[in-house]
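Listed below are the residues making up each chain.
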Amino acid sequence: MMKWHGAIGAAAAAVLTISPAAAQRGADGEVKILYWQAPSILNPYLSSGVKDVEASSVVLEPLASYDEKGDMVARLAVEVPTLANGGMAADLKSITWKLKPGITWSDGTPLTAEDVVFTAEYCMAPGGGCSKLSAFTDVEKVEAADPLTVKISFKSAKPFPYGPFVGGESAILQKAQFKDCLGAKAAQCTKENFAPIGTGPFKVAEFRANDSIRYVANDKYRDPAKPAFASIYMKGGGDPASAARAVLETGEFDYAWNTQVEPEILERMAKAGKGEVITAFGNYLERMHLNFTNSRPEAGDKRSVYGDGSNPHPVLKDPAMRRALALAIDRQLLVDTGYGASGRVTCNIVPAPEVYTSTAVDWCKTPDIEKANKILDEAGWKKGSDGIRVKDGVRASLLYQTSTNSVRQATQALIKQMWGDIGVATELRNIAGSVFFGADPSSPDTSQKFFADIEMFAWTYVGTDPETNLGGSTCKEIPEPKTNWLGTNFSRYCNPAYDKLAAELAQTADLAARAALVKKMNDMLVEDGVMIPLIYRGRISAISNKLAGHRHNAWDVELWNVADWTRKK
Amino acid sequence: MSELDLIAPRADEAAEPAALDQAHRSLWSDVRRQFLRHPGALVGMIVLAAIVLIVLAGPYLWTVSPDRINPRIANRGMSLDHPLGTDNLGRDLFAQVMAGGRVSLAVGISAMLIAVTLGTTIGVLAGFFRRLDGILMRMTELFLALPILPLLLVIILLFRDVLRDLFGPSAGIFLLIVFVIGITSWMQTARVVRAEVLGVKERDFVLAARSIGARPYKIIFRHILPNVLSPIMVSGTLGVASAIIIESALSFLGLGFPPDFPTWGRLLYDGANYMTLNPSRVIWPGLAISLTVLSVNFIGDGLRDALDPRLRS
Numbered sequence: 001m002m003k004w005h006g007a008i009g010a011a012a013a014a015v016l017t018i019s020p021a022a023a024q025r026g027a028d029g030e031v032k033i034l035y036w037q038a039p040s041i042l043n044p045y046l047s048s049g050v051k052d053v054e055a056s057s058v059v060l061e062p063l064a065s066y067d068e069k070g071d072m073v074a075r076l077a078v079e080v081p082t083l084a085n086g087g088m089a090a091d092l093k094s095i096t097w098k099l100k101p102g103i104t105w106s107d108g109t110p111l112t113a114e115d116v117v118f119t120a121e122y123c124m125a126p127g128g129g130c131s132k133l134s135a136f137t138d139v140e141k142v143e144a145a146d147p148l149t150v151k152i153s154f155k156s157a158k159p160f161p162y163g164p165f166v167g168g169e170s171a172i173l174q175k176a177q178f179k180d181c182l183g184a185k186a187a188q189c190t191k192e193n194f195a196p197i198g199t200g201p202f203k204v205a206e207f208r209a210n211d212s213i214r215y216v217a218n219d220k221y222r223d224p225a226k227p228a229f230a231s232i233y234m235k236g237g238g239d240p241a242s243a244a245r246a247v248l249e250t251g252e253f254d255y256a257w258n259t260q261v262e263p264e265i266l267e268r269m270a271k272a273g274k275g276e277v278i279t280a281f282g283n284y285l286e287r288m289h290l291n292f293t294n295s296r297p298e299a300g301d302k303r304s305v306y307g308d309g310s311n312p313h314p315v316l317k318d319p320a321m322r323r324a325l326a327l328a329i330d331r332q333l334l335v336d337t338g339y340g341a342s343g344r345v346t347c348n349i350v351p352a353p354e355v356y357t358s359t360a361v362d363w364c365k366t367p368d369i370e371k372a373n374k375i376l377d378e379a380g381w382k383k384g385s386d387g388i389r390v391k392d393g394v395r396a397s398l399l400y401q402t403s404t405n406s407v408r409q410a411t412q413a414l415i416k417q418m419w420g421d422i423g424v425a426t427e428l429r430n431i432a433g434s435v436f437f438g439a440d441p442s443s444p445d446t447s448q449k450f451f452a453d454i455e456m457f458a459w460t461y462v463g464t465d466p467e468t469n470l471g472g473s474t475c476k477e478i479p480e481p482k483t484n485w486l487g488t489n490f491s492r493y494c495n496p497a498y499d500k501l502a503a504e505l506a507q508t509a510d511l512a513a514r515a516a517l518v519k520k521m522n523d524m525l526v527e528d529g530v531m532i533p534l535i536y537r538g539r540i541s542a543i544s545n546k547l548a549g550h551r552h553n554a555w556d557v558e559l560w561n562v563a564d565w566t567r568k569k
Numbered sequence: 001m002s003e004l005d006l007i008a009p010r011a012d013e014a015a016e017p018a019a020l021d022q023a024h025r026s027l028w029s030d031v032r033r034q035f036l037r038h039p040g041a042l043v044g045m046i047v048l049a050a051i052v053l054i055v056l057a058g059p060y061l062w063t064v065s066p067d068r069i070n071p072r073i074a075n076r077g078m079s080l081d082h083p084l085g086t087d088n089l090g091r092d093l094f095a096q097v098m099a100g101g102r103v104s105l106a107v108g109i110s111a112m113l114i115a116v117t118l119g120t121t122i123g124v125l126a127g128f129f130r131r132l133d134g135i136l137m138r139m140t141e142l143f144l145a146l147p148i149l150p151l152l153l154v155i156i157l158l159f160r161d162v163l164r165d166l167f168g169p170s171a172g173i174f175l176l177i178v179f180v181i182g183i184t185s186w187m188q189t190a191r192v193v194r195a196e197v198l199g200v201k202e203r204d205f206v207l208a209a210r211s212i213g214a215r216p217y218k219i220i221f222r223h224i225l226p227n228v229l230s231p232i233m234v235s236g237t238l239g240v241a242s243a244i245i246i247e248s249a250l251s252f253l254g255l256g257f258p259p260d261f262p263t264w265g266r267l268l269y270d271g272a273n274y275m276t277l278n279p280s281r282v283i284w285p286g287l288a289i290s291l292t293v294l295s296v297n298f299i300g301d302g303l304r305d306a307l308d309p310r311l312r313s
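Protein chains in written order, with the numbering used here: chain R, 1 to 569; chain C, 1 to 313.
These aren't lab readings, by the way, just hints derived from the structure by calculation.
Yeah, the Cβ is synthetic: ideal placement off N, Cα and C, and Gly gets one too.
Among the clues, some could well be false.
Here are some chain R residues pointing at chain C (derived, C-beta under 10 Å) [said to hold, decoys possible]:
hint, residue
1, Ala241
2, Glu262
3, Glu264
4, Ile265
5, Met269
6, Thr337
7, Ala410
8, Gln412
9, Ala413
10, Glu427
11, Asn430
12, Ile431
Chain R on its own, in the form it takes in the complex (with noise of 0.2 Å):
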């Protein structure tokens, strides 16, 4: 508590003298970052929310980021293990880290190979609950072969092994701190999850869950000179154009995350002058999913179930009427009035980097009522007299869900109008986000049940690799009720010739041949109308004009170099 005082004290001095040569510890006061949905813990591991993962990152830091180029870059590692400097196998089944020497955790005990093994344990412990295991698929062992060398070894060949401990979602939590913690303890060590102990440029002073959150610098950071903010004031609560407002037009707050609002409203707000909008692409896509099983309440215990797949949907079994609800979508408009700067028009899975994308799909970008509807004319859909299509009986209505968010509304309503013109009626349906999110196995309206027939959300994933994302679609990640409905195959896509591309590109080291792969399936998945892309989306953040240091980034978390944050004098 001294320390503190005296760091305010400091930073008091500092400004009072006005030294420009700056470049030191707590010069800069406190900086205020908004949140508008609010951190209610600040262990990443037993999060599945962004902003808990945002808030750790200020304290915990993985072995190596992704900077705002998507290239990885070493942080407590000496450098980022490749099969060049020796740090991976040439069998592509292990990997070895370095650690950086001298580093110390903020209570002045030094950061060992320890540490990383125990991270990993944390993680896979079985009744644990850890959200981030995904990152540790196909790890064998982890273990320390010195007190700054750290070993992964996996159970398969794995040409992009930077799963675990790469990222902000991955951080390296403290041995010592968290050593009673393990398994089915993990949620209960509150005291830990609310303030764990960090290598991070600050240490958490007060955190109140779901409210509002102090961190100040942390004296043991590496960098001495660093972080040049005394302290981070971090506040939870209120809804994207409120934080918005906060920064651009009122200029409370330094920072805030995620204002996701219409261009108009932001555009207006940032004549204010006070702050800019800012926005960075990484991979986050907006995207639909189509429903390859029968959704429909007729179908009783067998709702939106693949099963044996005797059981598929009514309208959208058929490839034409899947075409034609992708040709008839004019994205453009869609970017126009609901993102702005902050969208761009997509016709892939895999929206970035640039090596992974794919320019076969690219019919998807002009719309084309007229061949749509000629696409669906020469499939036997004729118009009825309420101007709807019909085939065999059965009446091209299709219900449609999403989150509850103005801009997703916005999409839903010019999508039923533009879908109208080809004779599809649409029946629209917003679910709260935190229900549709949920993943509770109870609640019809969750994104993994679909008891709908086309869905739409944003999927992003960590890094530059998209080989779990495409692995996504594969029909063992099919949500059914033995899974409980977990698995990301929201479409209920099963075609053996994608399972059979993607075992092959798990098993690909080369890059170049790793890039046709994804293209391939990529394309795959855009043909099939698994999936309709619409929207390739930017993250998008409000920054005060006072703020200088923060470089935007799309492929981690935003905090990422919090520590080089300063005041512009």
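Assemble the complex: chain R is given as a structure, and chain C must be docked to it using the hints.
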């Protein structure tokens, strides 16, 4: 007030001297006469009638579709083409306010009727029959103690698809919402009515009625109900307002009407972010809600005065 009181009887005498000679003046003709003398109630009645008329007949005169999207004319202010302006997708706000009014008024009034009927029945039974009091009031407390939102969630999740199949998406959801709001907002009415009934039933005229052998239902309808009408009216008018608001909250949670189905609450909610850009998006739906609630309240006020025998001249 005093002037009105002086003038009014004379006007009555002039208008219907013959009527005065007839010995029988019914309760409702008295109420009507009294009601029409209440200036607030009269204005409220006219405003509400105007709103209902615009909402019902308006769409036949103003034939612009409320859900036709045209992004080229987004966020327009008031003009001749679009009397109340347009929203961010270029939908005509005037048409939306009228379409929304139909839904909001229908939801508000039907839900209120359910809640008031239920609340009054339970309140009168509990107040009048001592044997039922305990069980009915415990039930009321049970309902009051229930967390409303999870309850609504469960009800809607259970019945949404069934009703959607039976009546179609809009009508099914309408029935469900009206029902759900109705059965979760009768408790206050029941408690207030019970308290009033307890007081009224000990009064001398009830004792007199009882002593000449009047049956309980006669006593309830003839003597108790007219004397407890004022709290019923008040809770009814408040009920309309809160039903409109609850509906918009439900729609926001995704449990109400589909998102492209305009209601006043939803228009107001959607427009809130655009307040600085296009004020008419919140002014008009907001004004419609306030005017409706205010005029319903005034009508309730007038009815209460008219129904109170002690205030009747």
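List, from low to high, the hint numbers that the structure doesn't satisfy. No hint contradicted; all consistent.
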